[in-house]
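Asks: Listed below, chain by chain, are the residues.
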Amino acid sequence: MNWELLFQLTLNGLIVGALYGVVAMSFVLIYKASQVVNFAQGEFLLVGAWACWWLLTTFQMPFFLGFLITLAFMTIFGLVLQVVVLRPLIGEPVISVIMVTIGLSIFFQALMKWMFGVFAQPFPQIFATERVNIAGLEVQSVYLLSLAISVLIMAGFGWFFTVSKHGLAMRATAFDQQVAQSLGISVRQVFAMSWAISAVVSAVAGVVVGVVNGVSSALSFYGIKVFPAVILGGLDSVVGAVLGGLIVGVLENVAHFFDSEFLNWGNMFQIAPFYVLIIILMIKPYGLFGTKNIERV
Amino acid sequence: MLEAAQVSLRFGGVRALTDVSFAVRPGELFSIIGPNGAGKTSMVNCISGRYRPTEGSIRFEGRDITALKPNARAGLGIGRTFQNLALFGHMSVLDNIMVGRHHLLRHGFLTGMVYWLGGAQKEELAHRREVEDIIDFLEIQHVRKAQAGTLSYGLRKRVELARAVALKPKLILLDEPMAGMNLEEKEDMARFIVDLNEEWGMTVIMIEHDMGVVMDISHRVMVLDFGKKIAEGMPEEVMANEHVRRAYLGEADEVVTDEADAVS
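For the record, the sequence lines run as chains A and B.
Okay, so the first sequence: first residue is 1 according to our numbering, each after it adds one.
Okay, so the second sequence: first residue is 1 according to our numbering, each after it adds one.
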């Protein structure tokens, strides 16, 4: 057995999994606040990555400046999307809202292809050293950055939900909009804010993946990967989203390892998370950390 | 303080409220009573903004608030509790109460990030102190870290009151604060309401079914029946009112008893 490869892949899995976790959290954020299942989450990554790439290549900006402008742009992007497209849908059946997010996903996919073409475009080089050696394992330096950013975002989310005024308002809104309003919380603001934050956080993940693999429409595939992660962890649990992301990331890579070493079926890593998802949901239908509906008798 | 002028509320063909007018003076403890389905909660919902009256207007401190959203009304100083408990069950008692302070917290997401620099810490401490005062007052110190959903009914009612009080409202709307409580819990709750009114200076509008409590602590009482106001005045006056006795207090109505006799 090739232990070194297994470790390498597990480490990659953890790093990629952390990214899945970040995207999953931003997915959960929207679901928690407004009960909308956002099928266009992957396109948030795509739009963010293309925006950053465009700023860096067209204006020759330094990476961090371009990155910050991208974040600012994504804040506005999320706000506008919520206000223009989703706000009129408040009170409509869930299925209509889901259909609209699927529509948004197709629209942005096509728009990005139209604006930037169908080929993967590499980011300009950001780090002087491409790879770092940690305990004998090769790690891309951008992956390290991504891990740091992921952890930072997760801590930020934790702080946001438990301590900050708006996080508390968001939890209150998720629980009961009427009551939240009676306590002086503007439900519209909470919704708009959740979309903005979600778009920004997804864009961060998009840029990181873009730097590693180049920017292409494949990025939006992350939006699909997020589903096993989120459902695994429970749709409304932030901690669950993170763990779900990590599990899916590691599973993919371990599956890849066994596939390439022993089975040689090819592409098993793509579907392995979904098999595990089915098994876990058979045992724990609410996901690992999801809210069970407890009834007092 | 609060004036309702010819408020009517219709849901399709159902008339929940018809031409209800009344005024609540500052510092008053005002009760709304009436049989089930009389429109008491609808009236309170019109004041808190959950419903918008079909006709008529509602003024708060001289300002027309008929078209304002509920959260804007909360910002003006109208707090409320709900008939069916509406606590955030998965949050701690403390967090539940902190949500009530939402509109008083100036520091938002960004300024809060620089927690120690921007005075957010100082602000939070001040808020925590006030929240602790409220907790002390309502005697729920022992459960402040508990998950709200796990508490007993009487305690949850108190936490809900604490959350509404945390808003620092000038006017507080209590929808059946004592429903489903035992005698001891009712006495405690009545004491809290009187203290809120007298010591904390809040104007109170209360819906309650327990006549003993209503008559004891209210300054004035309004009676609704089938969405119409049938009486308003001091508790004794209302008690003495003939319409009220018929409609609500269960006094035998001659016409009805005669018919019943005839049937048997």
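Simulated from the structure, these hints should not be mistaken for laboratory data.
It is possible that part of the hints are untrue.
Some chain B residues close to chain A (C-beta under 8 Å, calculated; not the full set) [claimed, not checked]:
1. ALA23
2. GLY27
3. PHE82
4. GLY100
5. LEU155
Far from chain B, some chain A residues (derived; all Cβ distances over 10 Å) [stated by the list, open to error]:
6. LYS165
7. GLN181
8. ILE185
Note that beta-carbon positions come from the ideal geometry of N, C-alpha and C, so glycine has one too.
Asks: Decide, hint by hint, whether the structure agrees.
Replies: Here is how each hint holds up against the structure:
{"no.": "1", "hint": "ALA23", "in the structure": "22 Å, violated"}
{"no.": "2", "hint": "GLY27", "in the structure": "22 Å, violated"}
{"no.": "3", "hint": "PHE82", "in the structure": "7 Å, holds"}
{"no.": "4", "hint": "GLY100", "in the structure": "5 Å, holds"}
{"no.": "5", "hint": "LEU155", "in the structure": "14 Å, violated"}
{"no.": "6", "hint": "LYS165", "in the structure": "4 Å, violated"}
{"no.": "7", "hint": "GLN181", "in the structure": "4 Å, violated"}
{"no.": "8", "hint": "ILE185", "in the structure": "5 Å, violated"}
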